[in-house]
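Required output: the full structure, derived from the provided sequences and hints.
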Amino acid sequence: MKSLQLPSLTSKFLQQSGLQIDNSFSTSWKQLRFASMLASCGFSKRTGVAATDVVYLLLLWVWLKADTISMFARESLQSFSSAKKDVLYDLLNREDLNWRKLQLCTAKKLIKQEGKIRLAH
Numbered sequence: 151m152k153s154l155q156l157p158s159l160t161s162k163f164l165q166q167s168g169l170q171i172d173n174s175f176s177t178s179w180k181q182l183r184f185a186s187m188l189a190s191c192g193f194s195k196r197t198g199v200a201a202t203d204v205v206y207l208l209l210l211w212v213w214l215k216a217d218t219i220s221m222f223a224r225e226s227l228q229s230f231s232s233a234k235k236d237v238l239y240d241l242l243n244r245e246d247l248n249w250r251k252l253q254l255c256t257a258k259k260l261i262k263q264e265g266k267i268r269l270a271h
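Following my numbering, the numbering of the sequence shown begins with 151 at its first residue and continues without gaps.
Read the hints as simulated data drawn from the structure, not as lab findings.
All clues stand as given, with none of them false.
Subject to a maximum C-alpha distance of 27 Å in a straight line, what follows is the list of computed DSSO-like cross-link-like pairs (lysine-lysine):
(1) LYS235 to LYS195
(2) LYS251 to LYS215
(3) LYS180 to LYS215
(4) LYS259 to LYS195
(5) LYS180 to LYS195
(6) LYS235 to LYS215
(7) LYS235 to LYS180
(8) LYS195 to LYS258
(9) LYS215 to LYS234
(10) LYS195 to LYS251
(11) LYS259 to LYS215
As the structure is a prediction and not an experimental result, all values here were calculated from the model.
In structure tokens form, the structure reads like this:
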């Protein structure tokens with residue numbers, strides 16, 4: 151299986167020595183208020199691990215650069231959650247979740263936040 155290719159700025163960021171990506175990711179998640187964005191985009195579950203937690207784990211999987219969810223589950227998942235890999239696959243396979251809306255909301259929020267940062271300087 152081909153390894154995930156990340157954009158060069160992302161790749162450089164991830165190669166910094168001493169970087170603890172899970173801490174950086176957690177900080178960004180909070181700053182973006184990602185959990186409330188998920189709720190506004192209709193991401194929820196009736197039982198089990200909360201949808202916000204599962205999306206957090208899915209995004210962390212990408213940032214930790216594990217080739218597959220199975221590999222992530224074997225190597226890292228238990229460090230962050232008691233969820234099993236099936237929970238991640240189940241959320242990805244739900245047809246009622248609007249992933250495109252979530253991408254759009256995330257992009258808008260990042261652009262808005264970048265604008266505020268530039269105005270502050």
